[in-house]
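Trainee: Just so you know, the protein sequences line up as chains E and Z, in that order.
The first sequence begins at 1 in full-length UniProt numbering and counts up by one.
The second sequence begins at 1 in full-length UniProt numbering and counts up by one.
Honestly, the hints are just simulated from the structure, not real lab data.
Every value quoted in this text rests on a predicted model; they were computed, and no experiment measured them.
A couple of the hints might just be wrong.
Said to hold, decoys possible - Using 30 Å as the maximum straight-line C-alpha spacing, the simulated BS3-like pairs for lysine-lysine come out as follows:
{"no.": "1", "chain 1": "E", "residue 1": "K99", "chain 2": "E", "residue 2": "K479"}
{"no.": "2", "chain 1": "Z", "residue 1": "K57", "chain 2": "Z", "residue 2": "K161"}
{"no.": "3", "chain 1": "E", "residue 1": "K508", "chain 2": "E", "residue 2": "K157"}
{"no.": "4", "chain 1": "Z", "residue 1": "K91", "chain 2": "E", "residue 2": "K508"}
{"no.": "5", "chain 1": "Z", "residue 1": "K57", "chain 2": "E", "residue 2": "K200"}
{"no.": "6", "chain 1": "Z", "residue 1": "K91", "chain 2": "Z", "residue 2": "K161"}
Chain by chain, the residues run as shown.
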Amino acid sequence: MSLEAPHEDPLARTDDRESLESILGDHAIGWEEHVNAQGVVIRPDEVQSSLRALRDEGGFDHLSSVTAQEYADRYESIYHLSKYDDRTQEVSVVVPTAKEEPVSQSADAVYRTADWHEREAYDLVGIEYEDHPDLRRILLPETWQGHPLGLDYDQDKPQLVSLSEHANPIAEHHHDEEGETMFLNIGPHHPATHGVLHLKTVLDGETVVDVDPDIGYLHRCEEQMCQQGTYRHQIMPYPDRWDYVSAGLLNEWSYARAIEDMADIEVPEYAQVVRTMGAELCRIAAHLISIGAFALDVVGDFTVTFQYAWQDREDVLNILEDLTGQRMMFNYFRLGGVVWDLPEPREDFFESIRTFLDSFEGSVDEYHDLLTNNEIFQRRCIGTGHLDAETAKSYGCTGPVARGSGIDYDLRRDDPYGYYEELDWDVAVQDEGDNYARMLVRMQELEESAKIVDQCVDILEDWDEDDREIQSNVPRTLKPDADAEVYRAVEGAKGELGIYIRSDGSDKPARFKIRSPCFSNLQVLGEAANGEYVADLIATLGSIDVILGEVDR
Amino acid sequence: MVPQTVATAMPLPDAISDLFGLGDLGLIGQAITAFVAAFLIANVLLVMAAFAGPWGKRKIFADFSDRYAITEHGPWGLFIIPAAAIQLMSKELIVPKGVDRPAWDIAPIIMVFSAIFGFAVIPMGSGIHLADPEVGLLFAFAIASLSTLGMMIAGYASDNKFALMGGLRATAQNIAYEIPLIVTGASVILYTGSLQMSEIVAVQAETLVQLGPISIPAWFAFVNPFAFVLFLAAGMAEVGRNPFDVPEAPTEIVAGYQTEYSSIYFVLVYLSEFLHIFLAGAIMATLFLGGPAGPGPAALGIVWFLAKVVAFFLLTQWFRTAMPRVRIDQLIEIGWKGLLVLSFANLLLTAGIVGVFFA
């Protein structure tokens, strides 16, 4: 490939060591082999120039995640880069910093999404980022002492947290100007925040001047808990509790995929079909909640759309309950497959899915009638909460938020896993980037997911009775190779749900990092909502569709 | 018409006076009968609100959304009404630290007062009509718009930013929609030639067209449907229901001006909302749907009247379940640029209709 203009052809591979060497030149001071990608080590004071080279020359326009961790002798930040146009090209940029002075350059100037990710790394691990615009704690209270994922942190020591009154952060900027601003706490308890989210909002009349999401109210130390569980059985229940609004199987798949890649576990084809069907049912349920909750935001608290969506979701949950034994916390996936086969009698189970799918077509039409075809709804949503593709990419947006901004990016197709490649379905993309486009994407995805489920049912019905292998052989105690590192993502309900695992040779992960799609998507709220009416801020928050359990983890 | 100094007829108090022979007691007798009559009418309204609030609204919403609601409280769940009343009244009244008393206490009272007082001039049929002043329609409009004052005070006195925004929104909304409402109401006066409620009803009781055995009454809604639609839209905004429920806008500004009201004050605020829906329905029925006149025998006037009021209430609930809410700027735009212009056009149109067909 030519180095002069490599980004003109985004599909040209630049993720092998040779091209990386030519892009980075002297920046690269070492090389590592990660399971998913080539790892390159750079100096902590050359982060910006290295990442800028990778972005502009290598075409790595997607900073998927930032993982921070502490070793016995050093701190390390890992920037997991990828490409929106070709998700299979990945590179892990490893930035070690000294133990005594863990200071590293911030990547915020290159990728806006690094802002929150680095704040989280600072908060939980304790690495400090130079040039960071706003290096505060993000998940823990501002007065918290110590960094909980650091090695010398005393987890048993109780801490008292004091809270101070919130102040208008831009009050002085508006002094003596004709308009006066008002600081407004929207949340943490508010009818529209979809969980415990706190929006520090500054209003000028009804117009939003500044909005700063304050998260962490639902932080449950999920990463820490996963680090304390064994790979084989003890981690799988946790993913259900991230995006807890029905996306359980999608979340479980993210962990399953990461560890299966890392430990080289095969998954039988039959199990992959079952997984695909279950996951898409979860996606339908999750999107139904998203659409119903958005209707609450735009219509008001007595909308029937919410009730209809909730009812359809009940039908999906009934099917999932038959399949997994649970309605929300499924714990159905196992390493190398699923825990048990489809419920007997199989005919009845397939029948129940088909009955649902038949009625579901009418339901989607009804949602279109009630929402997207309604003129008032269109006046409220078209052109509001606008997010252009470049901003969305810089903030690492994925899922329906990215696809609503015209970014044709879906891991199910771009980085295939499961059984998706064999099936006939489309990625829903809308170019407009407004609230309406994001809603349309979800509506289309409902239909596409229904299509996938339908095909899976056909395949499972005809599956040879003697060849229904639901799990491959996995060692009772799984111990991946020491120092193996993997970062793998799947298309969750809200976007790219990635898991980073580093093994230390024991049966528990040494570092377990969750890249939550909602976390990255929520970051973009200010970009989309500033300058709009407060009503549109609420609508935009609804259309970005965050689940705080996944944001805060 | 020459204005009379004391033209105020009081049909219901007079009837009570005749019934008990209180006519001889002079002013005291008048006061007693007026009080008894007002008490009766207020109680009819409170009973209606009791049915509509804790019970009807839930049942209606459940029906719209394919659910059951209130299945455990007596026949058809009706016992939820006393249960809710006891529950709401026995709750603690939380008075936030910074509220501006007594303004904060007065606001809910103004809201309820304005709604109930408006019914004083509404002819409900079957002789139930408290007072029938010459300026009846004007009185009803004036009293009904007092509730805006209550909302404004509530928003300001609550010392809550959401309440403040709700109060400001309510004020802006009511100013924007009061004018089209009254201008459209004025077009009725062109037709009836009187502000007196009984006269307005009487004119509409006449026959407009005779289609074989069916006689279509001269309801103003039939004479000028355009005016009716305008009035309906503006009325929907006046009572603050979807798609115009921005002053409360749950999920945006929590509950607007009523955010800080709990317990019995909440009951008052809530009650005033329902009474205002009824009042808007009553004014609409009187001006456009013949009030108690028809469609059946005049003796059952109260039945026809209440049916029309309840129909309007059901309409608000239907809109509430299905209609998205407009944004505040869109709301103001619709009011000033849309309805105001149309309402003046309607005035001309009505003048034309009345001039040509009813001169």
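Trainee: A separate judgement is required for each hint: does it hold in the structure or not?
Mentor: Against the structure, the hints:
no. : hint            : result
1   : E:K99 - E:K479  : holds, 28 Å
2   : Z:K57 - Z:K161  : holds, 29 Å
3   : E:K508 - E:K157 : holds, 24 Å
4   : Z:K91 - E:K508  : violated, 52 Å
5   : Z:K57 - E:K200  : violated, 35 Å
6   : Z:K91 - Z:K161  : holds, 24 Å
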